[in-house]
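Trainee: Here is what each chain is made of, one letter per residue.
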Amino acid sequence: MTDTRNHSAPADGYKLLLEFDLDTKVLDDQWDYCDYMSSFVANMVSHNRADPFMFSNLLSATLNELFETVYRTRKEAGQFRFQILRNGPIDRIAMLVPCSADEQQFYIKTMDDICAGDASETYLDLLFSDKGVDRRVGLFELAISYNAELSADAVEDHAIRLTVDLALEPETD
Amino acid sequence: MANPVSASFEFAFDENDQVFTLSGSMRPKETSEIGACLESLRACAMRATGMFYVNVRRLLQSNNIAFNGMASVLMEVCRERPDVDITITMSSVVGWTPRKFNALRRKIPSINVVEYDKDFYPGQAFVEDSSFVSVLRRQTTMTWRHEKHILPRHGIGEGMKIADICCGIGDFAILLFKEFNPTYVVALDHAKASLEYARRMAKEFDVTGVEYVYGDAAEMLLPNGEFDFVTCRHSLQVFDHPERILSELLRICKPGGRVYVSNEKNSHCLGEPRSESIQWTYNEVAKLWKHFNMDIEIGPKSRRLLLDAGFVDIRMESFMVTNLDGDPEEFAEVVRTWRHMFADSMARERGDDEAFIEKFKKGFDDHIFAALHPKGYAGWPIWVASGRKPL
Ligand SMILES: C[S@@+](CC[C@H](N)C(=O)[O-])C[C@H]1O[C@@H](n2cnc3c(N)ncnc32)[C@H](O)[C@@H]1O
Chain A
1 MTDTRNHSAP
11 ADGYKLLLEF
21 DLDTKVLDDQ
31 WDYCDYMSSF
41 VANMVSHNRA
51 DPFMFSNLLS
61 ATLNELFETV
71 YRTRKEAGQF
81 RFQILRNGPI
91 DRIAMLVPCS
101 ADEQQFYIKT
111 MDDICAGDAS
121 ETYLDLLFSD
131 KGVDRRVGLF
141 ELAISYNAEL
151 SADAVEDHAI
161 RLTVDLALEP
171 ETD
Chain B
1 MANPVSASFE
11 FAFDENDQVF
21 TLSGSMRPKE
31 TSEIGACLES
41 LRACAMRATG
51 MFYVNVRRLL
61 QSNNIAFNGM
71 ASVLMEVCRE
81 RPDVDITITM
91 SSVVGWTPRK
101 FNALRRKIPS
111 INVVEYDKDF
121 YPGQAFVEDS
131 SFVSVLRRQT
141 TMTWRHEKHI
151 LPRHGIGEGM
161 KIADICCGIG
171 DFAILLFKEF
181 NPTYVVALDH
191 AKASLEYARR
201 MAKEFDVTGV
211 EYVYGDAAEM
221 LLPNGEFDFV
231 TCRHSLQVFD
241 HPERILSELL
251 RICKPGGRVY
261 VSNEKNSHCL
271 GEPRSESIQW
281 TYNEVAKLWK
291 HFNMDIEIGP
301 KSRRLLLDAG
311 FVDIRMESFM
321 VTNLDGDPEE
331 FAEVVRTWRH
341 MFADSMARER
351 GDDEAFIEKF
361 KKGFDDHIFA
371 ALHPKGYAGW
381 PIWVASGRKP
391 L
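Those protein sequences? They're chains A and B, same order as listed. Residue numbers for the first sequence follow the numbering used here, so the first one is 1 and each next one is one higher. Residue numbers for the second sequence follow the numbering used here, so the first one is 1 and each next one is one higher.
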């Protein structure tokens with residue numbers, strides 16, 4: 001993992017805090033990496049938030065849901081790319097996941113469902129499902145419970161790009 | 001202070017209080033990985049009579065698999081044992097919990113979900129009031145003149161990791177930072193208004209080495225054995241169980257490190273002239289605090305409290321803040337805010353009549369009179385004590 005804090009400042013105002021690449025095969029083998037990566041990233045980028053402990057707790061919870069979703073995605077061989085960027089109160093998580101066209105459709109369809117009028121009820125149904133956990137639940141949770149802005153864009157026919165914008169701290173002043 | 005990277009969790013059942021406690025981080029891949037825990041939760045809840053508590057105050061993380069598993073068990077218990085009253089106690093300090101457990105309450109309205117730290121402490125409403133800010137600020141200015149010289153006798157040194165628990169508006173943490181050049185300072189309090197103030201002040205003074213953390217001193221999420229020096233000033237006196245706070249201070253202190261507390265004995269505030277009226281009023285202050293289950297007389301009890309908590313090598317001394325230390329007007333201003341807080345707010349809350357409040361206020365006015373009198377003397381005594389955590 002590399003800390004690229006001082007690198008490029010993209011034109012849209014987002015500053016890159018941290019990024020890394022990981023072979024999808026490694027990710028497929030290692031469930032524990034979801035927890036490890038969430039905790040690590042959350043700890044790395046929380047210290048200059050107003051309440052680092054609270055921020056880190058929430059960021060770790062949200063990142064872990066994303067990593068678990070990616071873990072359960074049938075991935076293609078290649079490099080999984082993770083970035084976290086910041087623009088004022090907003091933290092942007094960007095992930096590039098090599099996957100098949102079917103899996104691209106899973107993400108695109110889930111994004112549509114999240115925008116539907118009954119998304120809050122769907123979220124509760126998924127969360128309390130008695131058939132175990134549906135893998136859409138994490139994405140719904142980010143949108144419904146954390147008010148995140150999510151998008152999923154197909155990259156040709158071999159990857160999906162996920163972008164999640166989160167404002168985890170209450171506004172002050 | 002960062003969340004510890006922890007993939008492990010613990011669970012325990014307290015038969016006596018019917019409390020099932022979950023702590024740590026639960027992020028299993030499959031529900032079966034936490035099967036033993038869920039089975040135990042189910043068994044304990046099914047055998048419960050009356051109230052059954054699930055304590056998640058230290059459950060730092062849980063993924064949806066674990067949460068779904070827990071919720072399924074609780075839903076089953078609700079169905080099969082409608083006579084059992086389930087209450088989840090969570091802490092507002094663990095950010096993810098209110099969102100998730102409030103969703104659970106929407107799903108099963110018969111489950112109670114409470115934020116344990118909100119209504120728990122007797123005097124919380126008084127000390128978390130934002131008008132408290134100005135009194136804390138002035139008090140620290142006056143006590144710092146003494147404590148700056150006292151602290152080294154209690155083992156503070158350069159390059160330490162320091163925690164200031166119940167930091168109030170955070171000014172003491174900044175003073176420590178400037179004076180003793182620590183590696184870092186974590187300052188924790190439970191009043192959001194005070195923490196906001198603290199962060200603004202740190203920014204203003206360009207201090208970046210102090211982290212202000214929202215937390216509950218009785219149940220902190222700071223790791224064991226982390227700090228070389230732990231301070232807790234004027235705060236044991238606002239809890240009805242100061243020993244609980246001391247055991248937490250002991251826990252986060254490094255073996256061999258020291259915990260430093262300062263406390264008052266308000267009935268010993270004094271002044272000349274008009275000493276009798278002053279003494280009467282401060283005796284009444286002590287009774288008033290007692291009414292709200294707080295002990296403003298802890299000062300001289302600090303030694304016993306530290307020994308009972310398991311500290312060794314206790315060092316203790318006292319000092320008197322007086323009108324002669326600096327500008328007497330400063331002293332008078334602190335007494336004015338006490339008068340406001342104790343007479344206008346706390347005594348009225350207790351239901352005291354106007355005649356009492358008048359007399360009560362008179363003692364504060366006389367204390368101010370003594371402080372500003374050209375030949376007068378006014379004092380506020382403080383006891384500081386520290387103990388070493390055994391290796
Ligand atoms: C008398 S003030 C002392 C503040 C500071 N140490 C000083 O000397 O200026 C007591 C402080 O304890 C804090 N407090 C009360 N209950 C608390 C809790 N459960 N956890 C952490 N802090 C708490 C209050 O918010 C308040 O800031």
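Worth flagging that the hints you see were computed from the coordinates, not collected in a lab. Keep in mind it's a predicted model, so treat the numbers as computed, not measured. C-beta atoms are modelled at their ideal positions from N, C-alpha and C, and glycine is treated no differently. There's no promise every hint is true.
[To be verified] With a cut-off of at most 25 Å between alpha-carbon atoms, the simulated DMTMM-like pairs for lysine to aspartate or glutamate come out as follows:
{"id": "1", "chain 1": "B", "residue 1": "K107", "chain 2": "A", "residue 2": "D23"}
{"id": "2", "chain 1": "B", "residue 1": "K100", "chain 2": "A", "residue 2": "D130"}
{"id": "3", "chain 1": "B", "residue 1": "K254", "chain 2": "B", "residue 2": "E243"}
{"id": "4", "chain 1": "B", "residue 1": "K29", "chain 2": "A", "residue 2": "D118"}
{"id": "5", "chain 1": "B", "residue 1": "K107", "chain 2": "A", "residue 2": "E121"}
[Unchecked claim] Listed next, the stretches of chain A that the computed footprint assigns to chain B, with coverage defined by at least 3 CB atoms under 8 Å from CB atoms of chain B:
{"id": "6", "region": "59 to 68"}
{"id": "7", "region": "91 to 99"}
Trainee: Next, verify each hint and record whether it holds.
Mentor: Hint check results:
1. B:K107 x A:D23: Given pair K107 (chain B), D23 (chain A) is violated - Cα atoms ~40 Å apart, limit 25 Å.
2. B:K100 x A:D130: 17 Å, holds
3. B:K254 x B:E243: With a Cα-Cα distance of about 19 Å, the restraint between K254 (chain B) and E243 (chain B) holds, given a limit of 25 Å.
4. B:K29 x A:D118: 28 Å, violated
5. B:K107 x A:E121: 10 Å, holds
6. 59 to 68: That given contact holds, which follows from 5 residues of the region 59 to 68 of chain A lying within Cβ reach (below 8 Å) of chain B.
7. 91 to 99: violated (count 0)
Hint compliance for this structure: hints 1, 4, 7 are not met, and every other hint is.
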